[in-house]
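Chemist: Residue numbers (our numbering), protein chains in the order written: chain Y, 1 to 278; chain G, 1001 to 1378; chain C, 2001 to 2606.
If you are wondering where the hints come from, they were derived from the structure by calculation, not from laboratory data.
Fair warning: there could be bad hints in the mix.
[Claimed, not checked] Part of the chain Y face toward chain C, derived, beta carbon under 7 Å:
#, residue
1, A77
2, F124
3, R155
From a predicted model like this one, the values you see are computed outputs, not experimental measurements.
Beta carbons are placed, not taken as given, at the ideal position from N, Cα and C, and that holds for glycine.
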Amino acid sequence: MAAFLEVRGLQKHFGGVTAVADALFDLREGELLSIIGPNGAGKTTLFNLISGLDAPDAGSVHFLGQDITRAAPERLARLGMARTFQHGRVFGNLSVLDNVLVGAHTRLRAVKPAVPVVGPLLEFALAAVRPAAVKAEEAALRDDAMRILSLFGERLLPRLDHPAFSLSYANRRRVEIARALALHPKLLLLDEPTAGMNPTETAEMQEVVHDLKRSGLTILLIEHKLEMVMRLSDRIIVMDDGRRIAEGLPQAVRNDPAVIEAYLGHRETGGAQQEAVP
Amino acid sequence: MRLHRRSVLSATAAALGSFAIGRLANAADPVFVGVSGPLTGPNAQYGAQWKDSFDLALDELNPTAAHPVRYIFEDSQSDPRQSVAIAQKFVNDPRIIMELGDFSSPASMAASPIYQRARLVQFGFTNSHPDFTKGGDYMWSSSISQAEEQPQLAEYAITGLGKRRLGVIHLNTDWGVTSKNLFVAAAQAKGAAVTAAEGFLPNERDFRSTLVRIRDSNPDCIVLIAYYADAATIVRQIRTMALPQAIVAVSSVYSPKLIELGGEAVNGVHCSTTFFPGEQRAEVQRFVTAFKAKFNRDPDTFNATAYDTMVLVSTLVNRYGTTRPAIRQGIAEVRGVPSVIFGTIQFDPETRRVAGARYKRLVVRDGQFQLFEGGTPS
Amino acid sequence: MNAWFDYTVNGFVIGNIYALLAVGLALIYGVANLVNFAHGSVYVVGAYVGWAAITYLGTPLPLTILCVVIVSALVGVGIERIGLRPLHGSSRIAPLLATIGITLVLDQIVQLIFSPDPRAVPMQVPEWRIPLGGGTIGALDLLIAGIGLVSAVVLYGFLRFTKLGWAVRATAQDSDAALQMGVDINKVNMAVFAIASALGGLSGLLVGMYYNQISPAMSFEATLKGIVALIIGGLGNVPGAIAGSLILGLTESYGIALFGTSYRNLFAFVVLIAMLVWRPNGLFAGRRSLPPEPMTGTFITRSRPLKVPRWAVVAIIVVAALLPLTGHPYLLQIGANSLLYAMLALSLTLVAGTVGQISLGHAALLAIGGYASGLLALDGGWPVALAMPAAGLITAALGTALVFPAFRLTGHYVSIATLGIGEIVSLVILNWTGLTHGAIGLGGIPPLEIFGYDFGSVESTYWLSLVVLVLLALLQVRLLNSHLGRSWRAIRDDSVAARSYGVVGDRYKALAFGYGGFAAGISGAITAHIYSYINHETFSASISILALTMVILGGLGNVLGAVLGATLLIALPEAFRDLAEYRILIYGVVLLLLIRFRPQGLLGTV
């Protein structure tokens, strides 16, 4: 049986710089795979290639047995892939609740018909007339969004109507994750979910991700905080200069000389090297 | 409730109206005409020219008139949105017995339904658009009819200068296209060929490629249907391309500005005109002298048209009465109003336009417009 | 055969003139990431300063040039101070809108001082000419080409070899990083605006001499052509701008050769749109990268909209409905105008505010609606009551189809593309004589009449417009509260994130433009039947700018704000008729003040 996510020989060059060289890995259903590496190692580019925001120069990506190389991000969302962004891309002027509801966009019945012209017109008519079925669906989505937001305890619930730009940095990251979960993803791509968080907040986030994993969600994680990576990951891939330099179980990776070398060699960059060489 | 309210209001309006009329009955009190025209925006210079001429005419006529005329000038920027609002203002101002303008045909014609509905004469004295007076029987115009001017122009080129192959460059607007069509028809009827007709957009400055097209159609004469500013630019570029053809232009290029903007290049340009300060006719000389004395410059066609218009207004008011119906009746009947452009004005009640403008043939020599006395085109 | 040589020479000659404009625009874009719409105004200022220097001071050419360069550079510094520096950190579109405000102000000041009448600029360059093909090339042609080339070379040298030049390039690459490295960005921007504006002013003088004619009206045309050349060459690319200008000149010249003079601008704008769609980075650049990740949506100003209680809205509608009972037809006409513009503003506030596609060509939708309804009623013999809704639907379909190719664009590119599309619509109306009656326009459009009831009186017109507006506004509010509103705003705030959540940009932009097209089309249709006559200039580009000002005044995306903005900007100028001379000046100042001090508008962005 094909792997859940299958990445084969992905390459991406920007000008003369190789951002990703020959990325190759499989992700199994229910697994949490972490990608670590110093800054500039190509992790986020790899995410962009998988999630359709950037087109690879070579290689292929298969998701649930379908070829999704160069697929549009909209299609990947419909297939059940959700992601968060390294620097945060919440919808600043939308309320917290609306941000999460946008995450549920692909689940709306009104948006399903993909027939050109007719589909959009139908969607428009449903939004204008709003029959009972549409109202019920919207109400159900709202309940679901509230359930997802409650994963973060009291962090977001009191701020449902606040525009996202007014939130703290940490809360924006939480909104991003809530939005991703609202898609009911089969695969979740998390790009540094704890960036900029203090230790308490990081611990909370770690707990949330842990719960998600336990619920059976397949997760691909980029993270600098190695403590968290070691705790959560089933497997780890280490990248440097666009290349995979190590892969394996957390303990094995931790002791891999190539990894230590990569992190030491980049001592001036990144923020997590100290943790890398205990 | 509503009816009651409205009747009260209309009673008030009627009272106000009768009050106004009562005041107007006094001979020394002025009567008002509304003017809708551009005082700002891209056409502002025309509104300013109107004002000069209106003032001149009223200075001359009012002191001796039984009913002195005053005008209320509202700036429309020649924008239809504003001309319709101004129209509502005028039709509901009981003092106003006639309306003049707007400058551009689109602005005038947008307001026409309002004037027609209110039975207030709209006198669009610059509105050459063929459909303007079709807006209703209250739309009148003394604008020079292109149906009359264009055959004159064709005549000038064909019999006056002996040209048979005419290349036309025209402004691509309602006025330019109407004129061009009439010119082409007239020229062909006189047995000449129109080798090319090129329409340019307002604000265009580069005509070199247009002129290559004209040149390659092999004309013996270039005909310009343009205003003076564009005509000056076109003629300069004709000269830089060293095209040898004679140049004939419509009356709208007649302005001292043509020579200012065209410089030496416009020497030799022929144009027909309805107004020429050098003409010896008494009405013309009186107007030109008075205008020069007041403003210290030569008047142009726009000044002359506006002057004629105010003379007409004063005549109507003093001959036919100071009410809107009197003006409407008078404008259809009036005969022999003195005019700089037409000699005398009378309207064709069918077309509601004036016929019989007097065309002069001019040529530019040594930086001066001169009457063209025949002979070889320069 | 000879002719094609001449067309080529002519193309180069005019392209040469465009190049002087495009170089300045390119420089500013390269450093400040700003399409400077005020560039044409600097060009006009330069021309008039030169004229004044020659006329009043009798300056010889070198001194004239010096005067023009100094004054224009100072104007450039002023533009940077007003239009760019204080807006650092506000929405990306704010500086662009500020330059539009500045251009209104500058053009109007020039017009107030010098009158709109064209003036002759005394020629100060020797008048010898070299025969070339069927035409001639003069000293001034060579001087213009020389200045274009020299300025490109000097700029290159400046950027490469001077310290300030390095700073400029560093700022262009990454202004935040440059700031951290100790580059004084303000100084850099100021230098660039001064240089670019000096160049712009100089080109105004030279072009004025070239045609022996200057007028304030030449500003818009100059900006437009400069921008088209810039897009062809690649934004921010100085040598590209020169090449782009020459290509534009050639395109126009060949366009005239093939199709005739009246197609010239149509050609230029079609090339513009084609470039934007296929090579948005210009002919000479290949890179396409992902837009940087914003922290949050930075496209519109963050604000909490003013909440207007429901009873207040009902009260406003009731008062508006009762207005005709006061019996002031003039007031009602202005009211009707306001209502019709409010429909346009509703449309634009949806497209520009809710979806973030700042359209500078929205008046084209009015034109399509007006012509569709007028033609159906006039040539098709349709009853007005059917022609108007049909016109709304036609505008929705046609408007969306026209903008569709531009859906992949973002930010400034959308504005430029819509500006171009607006011009194309107007030019097609002008040239497609068989359908649209061409330049003659549509006369005798039947008056408003719905199933035998005459709506021609100003009261009926007003009530009809009010009913239509209220229906459109309520529907828009309903849509905004549905998942559609959410999706539209998500696209505006972050189109990349929206796509990643399955919000298909094209689909929702199309729906917004469709609904917006319908509202604007109805407005245009009603207007056409009120006016009885429309032509290709009835709905001119200045209406697009006015509509945008309304929308910003009310608050982007804010339905009630759009109505308020339209009412204020239509009614206030009527109230201040005495200030007529200064009206456009006031628009410009209002726009500038809003962008600077209340970018969220009166009622706040939604």
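Chemist: With chain C as the partner, please determine if Y/A77 meets the hint condition of a C-beta pair closer than 7 Å.
Modeler: This hint holds: Y/A77 lies near chain C, its Cβ roughly 3 Å from the closest one there, short of 7 Å.
Chemist: Classify the hint on Y/R155 as holds or violated, based on whether any CB of chain C lies nearer than 7 Å to its CB.
Modeler: 17 Å, violated
Chemist: Is the interface hint satisfied for Y/F124? The criterion is a beta-carbon contact with chain C at less than 7 Å.
Modeler: 5 Å, holds
The structure is inconsistent with hint 3 alone, although it conforms to all the rest.
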